[in-house]
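Chains as they are written, first to last, in my numbering: chain D, 1 to 747; chain H, 748 to 977; chain R, 978 to 1058; chain P, 1059 to 1139.
Covered, in the sense of this in silico footprint (three residues per stretch, anywhere, with C-beta under 8 Å from a C-beta of chain D), are these stretches of chain H:
| id | region |
| --- | --- |
| 1 | 763-769 |
| 2 | 800-812 |
| 3 | 853-862 |
Cut-off 30 Å, straight-line C-alpha distance, at most; resulting in silico cross-link-like pairs (DSS-like, lysine-lysine):
| id | chain 1 | residue 1 | chain 2 | residue 2 |
| --- | --- | --- | --- | --- |
| 4 | P | K1069 | R | K1038 |
| 5 | H | K898 | H | K880 |
| 6 | R | K988 | H | K898 |
| 7 | H | K962 | D | K628 |
| 8 | D | K324 | D | K355 |
| 9 | H | K860 | D | K419 |
| 10 | H | K774 | D | K448 |
| 11 | D | K355 | D | K27 |
| 12 | D | K355 | D | K26 |
I should point out that these hints are in silico values taken from the structure, not numbers from a laboratory. Just so you know, even glycine gets a beta-carbon here, dropped at the ideal spot from N, CA and C.
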Amino acid sequence: MRKENNNSKIELKTALEHGISSNEWKKIKRHLGRTPNFTELGIFSAMWNEHCSYKSSKIHLKRFPTKSERVLQGPGENAGVIDVGDNIGVAFKMESHNHPSYIEPFQGAATGVGGILRDIFTMGARPIVLLDSIHFGDANHEKTKFFSSSVVSGISSYGNCIGVPTIGGETKFHSTYNGNILVNVMCAGLLRCDKIFRGNASGYGNPVIYVGAKTGRDGIHGASMASSGFEDSTSEQRPTVQVGDPFKEKLLLEACLELMNSDVIIGIQDMGAAGLTSSSVEMASRSETGILLELDGVPCREPRMNPYEMMLSESQERMLLVAKKGKEKKVHEIFSKWDLETQIIGEVTNDKKLKILFNNEEVTNLPINFLTDEAPIYKREMSKTRKLELPDPIEGLDENDNLGESLLMLLNHPNHGNKEPIWEQYDHMVQTNTIIKPGEDASVTRIKGSNKALAFTVDSNARYCKLDPYNGALFTIIESARNLSCKGAEPIALTNCLNFGNPENPKVMREFSDVVDGMSKACSELEIPVVSGNVSLYNETHGNDIYPTPVIGMVGLIENHFLTVPQGFRNLGDKIFLISPSEEIPLLNNTPHELAWIKTGVEGGETPISTLSSAKSVNSTCQDAVKKGLINSAHDLGEGGLALALAESTLSSQSSSLGPIVRLPKSCAGRVDSILFGETCSRIIVSLDAEHVSSLNEISEKNNVLLTEIGIVGEKYTIYSDRSSPIIDFEIEKIINAWENSLKGFF
Amino acid sequence: MGFAVIVFPGSNCDHDCFHAICNLLEKPVRYIWHGDTSIEKNEIVIIPGGFSYGDYLRAGAIAKTSPIMKSIKKHANEGRPVIGICNGFQILAESDLLPGTLIRNSSLKFICKNIWIRCESSHSIFTNKMKNKEVLKMPIAHGEGNFFCKKNILEDLEYNQQIIFRYSDSSGSIVKSANPNGSLKNIAGISNKEGNVLGLMPHPERACESILGGKDGLKIFSSALSYSTS
Amino acid sequence: MRKARIHITYKNGVLDPEGQTVMQSLSSLGFQGIEDVRIGKFIEIDISSVDNSKKIAEDIKRMCEELLVNLVIENYEIELD
Amino acid sequence: MRKARIHITYKNGVLDPEGQTVMQSLSSLGFQGIEDVRIGKFIEIDISSVDNSKKIAEDIKRMCEELLVNLVIENYEIELD
Ligand SMILES: Nc1ncnc2c1ncn2[C@@H]1O[C@H](COP(=O)(O)OP(=O)(O)O)[C@@H](O)[C@H]1O
Ligand SMILES: [Mg+2]
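With these hints in hand, go ahead and build the complete structure from the sequences.
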């Protein structure tokens, strides 16, 4: 607990301890014409830190395309909203909870879920799905199992209790996250397009109401913690851990949605990081008003809490709302029905200031716009763009290695093994809409009361982004769009979480900028706007920055939910085709990155890309084929290339006795291992009944993509090259056995 | 004649049950808030799944103190049908409307997946639309579904034919590998001695449409309905 | 202000899956000679009351029987400061 | 055979949602004057060991720190019979 009170004179040293730089400190004193008191300093530290102000990233994020005919709300609100027709809107966003999850993985992950849920229902949307992107250290690192199992139980305990299905996600292990795990959670909800709520504090004299859990000393300095790197001893940060209460959140969710249906509130916002401070300031800022808070009314969990602590507490499951004057009673009634207490703690004012009273004393008086619009923005130094000139990892692979063994090795690796132990712990079926379950390229949820369905995917590819940030980011967006297309969904918008190292390192800032450029380019050409997102910087330990890890969460629209397909093979005798770009694929791009990394630990070579126009054509071809009901399965080729994709379509098959019998096309040149495991952008394998082949051909020609017949669905996993004896020939069992238990003990 | 879905703070399968009855079974259904007390005599009560009161203390423990529980007890004691699904089963066990108790899964983990259950007799109120020993496919989604009771109670359950569903494999064999949570004797659902109160861990309301993987769940609701109307 | 401390433990013969799992994990961590692990609850209740100890003790007992304890599988013990 | 009894409780200032919810529910059952409810764990471990008390106590301490207790948010106390 902080000993200073509001009368002690604040020195630069204290400001520095609060993460306020000496220049910022000067700026504050100059603008105010005085030295801020301790509570005010706390408020600055919260508002001006990286987490709230985006001071290092803001100038870059402006480059994202954020508009389309469907976008009803772009970045800047609690969540973005898109219009999917019939007055149905989808609100969605992704949030990181990396640092809290490293300190206490169960609670950190759980409260991460809580935070993103609140962002969604404050928009007036009922949350319909959660997805998680989780990155852990090397699978053999001593702490990895502790982190992976705790994070998954944390997500599961919170999401399951609330009753929002976790329908998808991604899980990766890599040594770059040994000292800094990533926990990103995405949530989407449904609302009526004509009833979007925003975090506004308008109407002078309207009451400001506090609702939800009591305020404790949780996470004081949590927001600042999230913005500074880790040192060895996390023990000093321990008392700030926040414990989540999913039950209270469920009550808040139901009460808020009921409230929003009753025409009594103006605006509502979650007290997330930097709690009461950021919620009140941001609401006033959006409406260009002021707020007067009387902190004596704040419900406190602990005795003798002072204004500084109340303003900075990060206790979970709390909301701030502005109601219409005279409707306080109605607000109170609705919340009490849900066993929640409300407390009026202030009002909207017209002086554009944040004023705070405590014990009849004014403890804060700060101009709102100085806290928000005039918060520092940095154009951080960047090193020159430089592709890492690393050797192509195929050089380390022995051409004569047994190819079957290589496949089994991939299947047995935690990054590709069976993820069921994770998603079986998540209630992925509640709300009875999940029509494509986790374990696929994308998951699909239907919208009751309409024919529509939504497809969701989260993807990242840190290795490609490390090797080549611009193209890595481009690749990731293309991959997400392709994942959705495999379900027959049209990609319509995305959210993202940009997980990077220390922005004060010019190399990191260069990576950041290039990733933003790559994303922007892909988004504008594919016409997929960015509608919300989150930036997590200072992901580093001992000066080692993590690989740049932009995580993309993309939403796709399916007009007829009966027309979507799984990734697993369905019928014996179906033909297997490969859809790929018509442009010539340089052999160089066919690098078996994942296999090389698993076998030799080497990462290098080129990040695979395709032109955006050919990516679009491949995606459209698949979408059209699904929409016309031509194909029975579709699966994206990603890490591990063709061989792994075929294995996944085998493993996902309901029947557990169907597998590919494939002959590598003559047109494939180069080393066989590179053809089997090489990672080329924009390829999809589909299976279909012979009678639909000609129709598929027509679509492919129309879209100008290459359609290659590679085999049929049989009862084994068999691959031939040009010789008469197969190069891989496995019973399905063998594939299953290698894959099934590779994550034993991790979750 | 219709269904009433009880809503506790923290229920989260209430909407799903409502949807299943209203749109798939196409029968009348309404919600009853846990703070209310009136149940119509001819209503079939469903206590849905979820985490009533966060499942704090013990799953279902706090819910049993809600006002509606008195009315449910009365309803049950008058021989009218009550179905507790998942958390609803836990609440019924806590309220002594059903014997035994549901403790943590033997894996200590929450499990959500499709499983098979076998209906032990087609004579009960809730299985009269099924064949004897019919095997049904249905999801489970729980962390505390491990049915436990004392030996003498288990004997009573068997003797009185109160075991309505057991976890089985797809062919109907009651084997250990088909038991997802460690329940005694693979028990997935039981009734009270009179047979009008059913508790089961699997979620029939999630298995009422082909697009979600099957319609077996409807049979439980329609059995209860045909009993009530007869 | 009075303080009640309540210990809730499983009855003999009741399965304790959590205790069993913890026991296994402890053994695999290398701890030897562990014969049994039982995991119960420990509840502390603060009461401000003008009632006498007897009344408070009765209240606490009722709390246990009505809510805190599942008498089918659990035992409890109350200590009142 | 030795018996260790371990009490695990939340650290001061850490939210105890379970305790808070139980407190509300006790109040709505009509119990008055309840100021706080905290719910912790109570673990009993039986050890058959030829070691001396000091060694056993050290072992139990290590069990707590390595497995039983989440030191970030919980405190513990050990009693050894
Ligand atoms: N953390 C998770 N939560 C939910 N679902 C997951 C999670 N991790 C993986 N999955 C499911 O398993 C599938 C395969 O996972 P993964 O191997 O990580 O993805 P990819 O095939 O994109 O490399 C994902 O598409 C997803 O549906
Ligand atoms: Mg993927």
